[in-house]
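Put chain F on the given structure of chain C with help from the hints.
Residue numbers (my numbering), protein chains in the order written: chain C, 2 to 206; chain F, 2 to 206.
No lab work stands behind these hints: they were computed from the structure.
Glycine included, C-beta positions come from ideal geometry on N, C-alpha and C.
Mixed in with the good hints, there may be bad ones.
Said to hold, decoys possible - Stretch-level coverage of chain F by chain C, calculated; a stretch enters the list once three of its residues show a Cβ under 8 Å from a Cβ in chain C:
{"#": "1", "segment": "120-132"}
{"#": "2", "segment": "167-181"}
{"#": "3", "segment": "184-190"}
Stated by the list, open to error - Result set (BS3-like, lysine-lysine): computed pairs, CA atoms no more than 25 Å apart in a straight line:
{"#": "4", "chain 1": "C", "residue 1": "K72", "chain 2": "C", "residue 2": "K169"}
{"#": "5", "chain 1": "C", "residue 1": "K72", "chain 2": "C", "residue 2": "K42"}
{"#": "6", "chain 1": "C", "residue 1": "K82", "chain 2": "C", "residue 2": "K68"}
{"#": "7", "chain 1": "F", "residue 1": "K165", "chain 2": "F", "residue 2": "K68"}
{"#": "8", "chain 1": "F", "residue 1": "K116", "chain 2": "C", "residue 2": "K198"}
{"#": "9", "chain 1": "C", "residue 1": "K154", "chain 2": "C", "residue 2": "K116"}
{"#": "10", "chain 1": "F", "residue 1": "K176", "chain 2": "C", "residue 2": "K198"}
{"#": "11", "chain 1": "C", "residue 1": "K28", "chain 2": "C", "residue 2": "K101"}
{"#": "12", "chain 1": "F", "residue 1": "K72", "chain 2": "F", "residue 2": "K101"}
{"#": "13", "chain 1": "C", "residue 1": "K198", "chain 2": "F", "residue 2": "K154"}
{"#": "14", "chain 1": "C", "residue 1": "K101", "chain 2": "C", "residue 2": "K176"}
{"#": "15", "chain 1": "C", "residue 1": "K101", "chain 2": "C", "residue 2": "K21"}
{"#": "16", "chain 1": "F", "residue 1": "K73", "chain 2": "F", "residue 2": "K176"}
{"#": "17", "chain 1": "C", "residue 1": "K176", "chain 2": "F", "residue 2": "K116"}
{"#": "18", "chain 1": "C", "residue 1": "K176", "chain 2": "F", "residue 2": "K198"}
{"#": "19", "chain 1": "F", "residue 1": "K101", "chain 2": "F", "residue 2": "K157"}
{"#": "20", "chain 1": "C", "residue 1": "K198", "chain 2": "F", "residue 2": "K198"}
{"#": "21", "chain 1": "C", "residue 1": "K157", "chain 2": "C", "residue 2": "K72"}
{"#": "22", "chain 1": "F", "residue 1": "K68", "chain 2": "F", "residue 2": "K82"}
{"#": "23", "chain 1": "C", "residue 1": "K116", "chain 2": "F", "residue 2": "K198"}
{"#": "24", "chain 1": "F", "residue 1": "K169", "chain 2": "F", "residue 2": "K154"}
{"#": "25", "chain 1": "F", "residue 1": "K198", "chain 2": "C", "residue 2": "K154"}
{"#": "26", "chain 1": "C", "residue 1": "K176", "chain 2": "F", "residue 2": "K176"}
{"#": "27", "chain 1": "F", "residue 1": "K157", "chain 2": "F", "residue 2": "K169"}
{"#": "28", "chain 1": "F", "residue 1": "K176", "chain 2": "C", "residue 2": "K116"}
{"#": "29", "chain 1": "F", "residue 1": "K101", "chain 2": "F", "residue 2": "K42"}
{"#": "30", "chain 1": "F", "residue 1": "K116", "chain 2": "F", "residue 2": "K27"}
{"#": "31", "chain 1": "F", "residue 1": "K68", "chain 2": "F", "residue 2": "K42"}
{"#": "32", "chain 1": "C", "residue 1": "K27", "chain 2": "C", "residue 2": "K82"}
Protein chains: 2
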Amino acid sequence: MSRISPRSPIIFSQSTLLRKPPPTEKKLECTLEELCYGCVKQIMTSRDVIINGITEQQGEMVNITVKPGWKKGTRITFEGKGDERPGYQPADLIFLIDEKPHLFFEREDDNLVYKAEIPLAQALGGCAISVPLLEGERMSLSFDIVLYPGYVKIIKGQGMPTAKEIGKRGDLRIKFLINFPMSLSPEQRFDASSILKDCSYLDFL
Amino acid sequence: MSRISPRSPIIFSQSTLLRKPPPTEKKLECTLEELCYGCVKQIMTSRDVIINGITEQQGEMVNITVKPGWKKGTRITFEGKGDERPGYQPADLIFLIDEKPHLFFEREDDNLVYKAEIPLAQALGGCAISVPLLEGERMSLSFDIVLYPGYVKIIKGQGMPTAKEIGKRGDLRIKFLINFPMSLSPEQRFDASSILKDCSYLDFL
Numbered sequence: 002m003s004r005i006s007p008r009s010p011i012i013f014s015q016s017t018l019l020r021k022p023p024p025t026e027k028k029l030e031c032t033l034e035e036l037c038y039g040c041v042k043q044i045m046t047s048r049d050v051i052i053n054g055i056t057e058q059q060g061e062m063v064n065i066t067v068k069p070g071w072k073k074g075t076r077i078t079f080e081g082k083g084d085e086r087p088g089y090q091p092a093d094l095i096f097l098i099d100e101k102p103h104l105f106f107e108r109e110d111d112n113l114v115y116k117a118e119i120p121l122a123q124a125l126g127g128c129a130i131s132v133p134l135l136e137g138e139r140m141s142l143s144f145d146i147v148l149y150p151g152y153v154k155i156i157k158g159q160g161m162p163t164a165k166e167i168g169k170r171g172d173l174r175i176k177f178l179i180n181f182p183m184s185l186s187p188e189q190r191f192d193a194s195s196i197l198k199d200c201s202y203l204d205f206l
Numbered sequence: 002m003s004r005i006s007p008r009s010p011i012i013f014s015q016s017t018l019l020r021k022p023p024p025t026e027k028k029l030e031c032t033l034e035e036l037c038y039g040c041v042k043q044i045m046t047s048r049d050v051i052i053n054g055i056t057e058q059q060g061e062m063v064n065i066t067v068k069p070g071w072k073k074g075t076r077i078t079f080e081g082k083g084d085e086r087p088g089y090q091p092a093d094l095i096f097l098i099d100e101k102p103h104l105f106f107e108r109e110d111d112n113l114v115y116k117a118e119i120p121l122a123q124a125l126g127g128c129a130i131s132v133p134l135l136e137g138e139r140m141s142l143s144f145d146i147v148l149y150p151g152y153v154k155i156i157k158g159q160g161m162p163t164a165k166e167i168g169k170r171g172d173l174r175i176k177f178l179i180n181f182p183m184s185l186s187p188e189q190r191f192d193a194s195s196i197l198k199d200c201s202y203l204d205f206l
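Just chain C, same shape as in the assembly (with noise of 0.2 Å):
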């Protein structure tokens, strides 16, 4: 309670309209795992507050409910829940939602992509391949086609889920690598070159 002396300057408008601070930021890393399929997480936050005009340090859990198809980037706001200043309102807490590396998988959207390394005599010769899929388990898959660096296989969705349209999923985007060889004898490169050099070749756009 500060009384003011009829010289003070006039300085209670700002007492009773209390700026905002910016808000208090903090990044809340999820799995792709709990970004799609959701999860409830408890975290515990300290926050400058002030009682009895003294500032201390108080600690508060905070439930956030991470929906299904959440993305990178997503802001959960709680308002009034940020530090506390003298003169200032609370701050706003805000949580930003970011993305932990996956061991198999990389987000585009709401697509997943999976690269697939193959080495060049099973790009032409054939193959068949084991895919992770996000819920743990695997999916074979085998080719007959030549397989060309850069080629996608899509399987419907194997993907993350459409925040907007509850239910649906993206689709898991197989990319193929093909690896080379380090070296081919003299034999090995006329061979291989009298077996493809009379194909038709696929251009590059």
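Chain F only, in chain C's frame:
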């Protein structure tokens, strides 16, 4: 000559210190050859000028000496050569260097990148290619190693001039794209796979 009465607000500081308007910006498209060897560009510009209090359009020929090594984004400023507006200083005229797309090359800083597409038969069996140079000649190169997608052959000193060091030039980077066969017969697949299956393979990092 305006007379200031004792009751006028003090505005003479604004009338003697005219404000500078934002500059007039124009793009100046140059070929990679022009940016490599330098050239003189004659440009007909038109701008608003104030003559006896009346705004008129006036044409003017401007000479710009493009120096070897200039890059996209280089700014050439002609002070006070932009549009004139009453109550303002004349604007500056700025030319912003832009690169015309080249038939063969992309510029990466001081280097030029040339993409060489070869069929898989030549990537494995060896090949000879003819690479264009910026001066208009061509360079013949032969390879008896396995060329993989993304393999880069560097030709020193055939890039763009280094603006900071007179006489020095960046490199020409020949980047290989490997065309794959559209399809193979069962026999071709079996034979190709047999030749390549016991090789040591380069892994992606």
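Do the hints match the structure? See the list:
Residues of the segment 120-132 of chain F with a Cβ under 8 Å from some Cβ of chain C number 8, which satisfies the need for three, so the listed coverage holds. Look at the segment 167-181 of chain F against chain C: 4 of its residues bring a Cβ nearer than 8 Å to a Cβ of that chain, three or more, so the hint holds. Counting residues of the segment 184-190 of chain F whose C-beta lies closer than 8 Å to any C-beta of chain C gives 4; at least three are required, and the coverage claim holds. Among the hinted pairs, K72/C with K169/C is consistent with the structure: their alpha-carbon atoms are about 15 Å apart, no more than 25 Å.
Using a Cα cut-off of 25 Å, the hinted pair K72/C and K42/C holds, with the two alpha carbons roughly 15 Å apart. About 21 Å separates the Cα atoms of K82/C and K68/C, which keeps this hinted pair within 25 Å; it holds. For a cut-off of 25 Å, the pair hint linking K165/F to K68/F stands: about 11 Å separates their Cα positions. Note on K116/F and K198/C: the hinted pairing holds, with a Cα-Cα distance of about 21 Å set against a maximum of 25 Å.
Proximity of K154/C to K116/C is assessed by CA-CA distance (about 10 Å); at most 25 Å being required, the pair is judged to hold. Distance hint between K176/F and K198/C is fulfilled; the C-alpha atoms sit about 21 Å from each other, no more than 25 Å. Restraint check: the Cα-Cα separation between K28/C and K101/C comes to about 11 Å, which is no more than 25 Å; the hinted pair holds. Between K72/F and K101/F the alpha-carbon distance is near 11 Å, which keeps this suggested pair within the 25 Å criterion.
Of the supplied pair hints, the one linking K198/C and K154/F holds, its CA atoms being roughly 23 Å apart against a limit of 25 Å. With a C-alpha separation of about 21 Å, the suggested pair K101/C and K176/C falls inside the 25 Å cut-off, and the hint holds. Distance restraint check for K101/C and K21/C: the Cα-Cα separation of roughly 32 Å exceeds the 25 Å cut-off, and the hinted pair is therefore not satisfied. Simply put, K73/F and K176/F have alpha-carbon atoms about 23 Å apart, close enough for the 25 Å limit, and the pair holds.
For the suggested pair K176/C and K116/F, the alpha carbons sit about 22 Å apart, so the restraint of at most 25 Å is met. This hinted pair checks out: K176/C and K198/F have alpha carbons roughly 22 Å apart, not beyond 25 Å. Proposed proximity of K101/F and K157/F is supported: the alpha carbons are some 24 Å apart, at most 25 Å. With a C-alpha separation of about 19 Å, the suggested pairing of K198/C with K198/F holds against the 25 Å cut-off.
A distance of roughly 20 Å separates the Cα atoms of K157/C and K72/C; the hinted pair therefore holds under the 25 Å criterion. Restraint check for K68/F and K82/F: satisfied, since their Cα atoms lie roughly 21 Å apart, inside the 25 Å limit. Restraint check for K116/C and K198/F: satisfied, since their Cα atoms lie roughly 21 Å apart, inside the 25 Å limit. Between K169/F and K154/F, the direct Cα distance comes to roughly 19 Å. Compliance with the 25 Å bound is thereby established for this hinted pair.
For the suggested pair K198/F and K154/C, the alpha carbons sit about 23 Å apart, so the restraint of at most 25 Å is met. Distance hint between K176/C and K176/F is fulfilled; the C-alpha atoms sit about 21 Å from each other, no more than 25 Å. At roughly 10 Å between alpha-carbon atoms, K157/F and K169/F fall within 25 Å of each other, so this suggested pair holds. A C-alpha spacing of about 22 Å is found between K176/F and K116/C, which places the hinted pair at or below 25 Å, so the restraint holds.
Taken as a hint, the K101/F and K42/F pair is honoured in the structure, with Cα atoms around 15 Å apart against an allowance of 25 Å. A distance of roughly 32 Å separates the Cα atoms of K116/F and K27/F; the hinted pair therefore is violated under the 25 Å criterion. Annotation: proposed proximity of K68/F to K42/F holds, straight-line Cα distance about 11 Å (limit 25 Å). The straight-line distance between the Cα atoms of K27/C and K82/C is roughly 12 Å, inside the 25 Å bound, and the hint therefore holds.
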